[in-house]
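The listed protein sequences derive, respectively, from chains Y and L.
Residue numbering for the first sequence is 1 to 133, as defined by the working numbering.
Residue numbering for the second sequence is 1001 to 1247, as defined by the working numbering.
Do not take every clue at face value.
Unchecked claim - For lysine-lysine, the following DSSO-like pairs were computed, each having C-alpha atoms within a straight-line distance of at most 30 angstroms:
1) L:LYS1163 - L:LYS1134
2) L:LYS1134 - L:LYS1058
3) L:LYS1073 - L:LYS1163
4) Y:LYS65 - Y:LYS104
5) L:LYS1163 - Y:LYS88
6) L:LYS1073 - Y:LYS104
7) L:LYS1040 - Y:LYS92
8) Y:LYS65 - Y:LYS101
9) Y:LYS111 - L:LYS1073
10) Y:LYS111 - Y:LYS65
11) L:LYS1163 - Y:LYS111
12) L:LYS1163 - L:LYS1206
13) Y:LYS101 - L:LYS1134
14) Y:LYS104 - Y:LYS88
15) Y:LYS43 - Y:LYS104
16) L:LYS1134 - Y:LYS65
17) Y:LYS104 - L:LYS1243
18) Y:LYS111 - L:LYS1134
19) L:LYS1163 - L:LYS1058
20) Y:LYS104 - Y:LYS92
21) L:LYS1058 - Y:LYS101
22) Y:LYS83 - L:LYS1243
23) Y:LYS43 - L:LYS1040
24) Y:LYS111 - Y:LYS92
25) Y:LYS104 - Y:LYS83
As the list claims (entries may be wrong) - Computed spacing ranges between beta-carbons, pair by pair:
26) Y:THR94 - L:VAL1123: 32 to 42 angstroms
27) Y:ASP32 - L:TYR1220: 32 to 42 angstroms
28) Y:ILE35 - L:ASN1129: 57 to 67 angstroms
29) L:LYS1243 - Y:ASN85: 38 to 48 angstroms
30) Y:THR89 - L:GLY1238: 32 to 42 angstroms
31) L:VAL1138 - Y:HIS33: 18 to 28 angstroms
32) L:VAL1123 - Y:THR36: 56 to 66 angstroms
33) Y:THR94 - L:GLY1238: 48 to 58 angstroms
34) L:GLY1238 - Y:GLY103: 12 to 22 angstroms
These are computed hints drawn from the structure, not numbers from a lab.
Yeah, the Cβ is synthetic: ideal placement off N, Cα and C, and Gly gets one too.
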Amino acid sequence: MRVRMTIFAAACALMVTGPLTAHHSFAMYDRDHQITLTGTVTKFEWTNPHAYIEFDVADPNGVVKHYSIECASPNVLTRVGWKFNDLKTGDKATLLVNPLKNGKAGGMLEKATLPDGRVLGDGNPPSGKFDRQ
Amino acid sequence: MTRANIILLALASAVWLTAQPRTAPDIGGVWSGTWNVNAKTAADPKLIPPAPGPLLLKAPYSQQYAARQAAEKAADERGEPLGNTSTMCLPDGMPQMMFAIYPLEILQTPGRVTIIEEAFGQVRRIYLNEPQVKVGDVAPGYFGHSVGHWEGDTLVVDTVGVKESVLGYRGMPHSDQMRITERIRLAGPDILWDQITVEDPVALEKPWTYTFGYRRNPGYRMQEYVCENNRDYVDEHGATQLKLSEH
């Protein structure tokens, strides 16, 4: 187990490749925790400085909670395989996100499972360190 | 044509060829910064340029710099990062744009070298073979006023007139006396280095030199970057917050 943890730590260290954002510190997000949201896209904003997925998530009782999910810039997303129309209003998707530390209904994308089953990352290292540059 | 004429013609051609300026190296095209290349696994050691020298600031810049670094660290640990120019969607400016967080495109045209950085659509124009303006004689801006010339295989660029609010590499502060000298050259067929020396008699104890590396990215097409949807704002405590949408 110890060896596995060491390998895992080494792999994480290798993934820390430096700043992939041209914008700001991501310290407002809890990079140590992830939540999985399954729901419906209400809007996909392919804009700079960041893309946003507006997302409705229904609980088992049908009560809908709305989340704003920040993604990388369209420039970075394009480099990791995204297209501007990969998500559309009404699409069902599953998003793995780092929640806001302040507890509000927002987060930063780690990866998205699209309606066609493709899984696309955010271009940022998982649980990586973000240096402001 | 007599043999003597042929010899004369050959000699004249040789003299003419020697007198021609050497063609500048082709540094045009798209380049990606090598800041994310792992030194241990780099395909070519030249992708990793020499490590920077020490940054030695004079007072009061040194105290202000240390205080800002400490405040940023503490705010990040609280999960409330401090607002900064990038929170406001302002470009890097010089010399930080040469860090190339997003790709650079270099255009070589007669009398000019133009460098475009994809993030924020930053553009700097380097005017070749013309005298530099005096420090203080140009309106301060994000990219300053740049002149350059070729010294053999190296493009030497001199830049003055960068706004004091535009922080440099690693957040280096500076005065209106700052001068940036760049030595841009191919370190390999598809590797470019920009050795940057920052001089500032007011802010720096001694000039600071560091080098950024780039690798050619021939298939890449530059994308636009317009900061139209900035949801970050700085609250009354100076912390960066995300504006959430209701729907």
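Run the structure past the numbered hints and jot down the numbers of the failing ones, going up.
-> Hint check: 5, 7, 11, 13, 16, 18, 21, 23, 29, 31, 32 and 33 fail, others pass.
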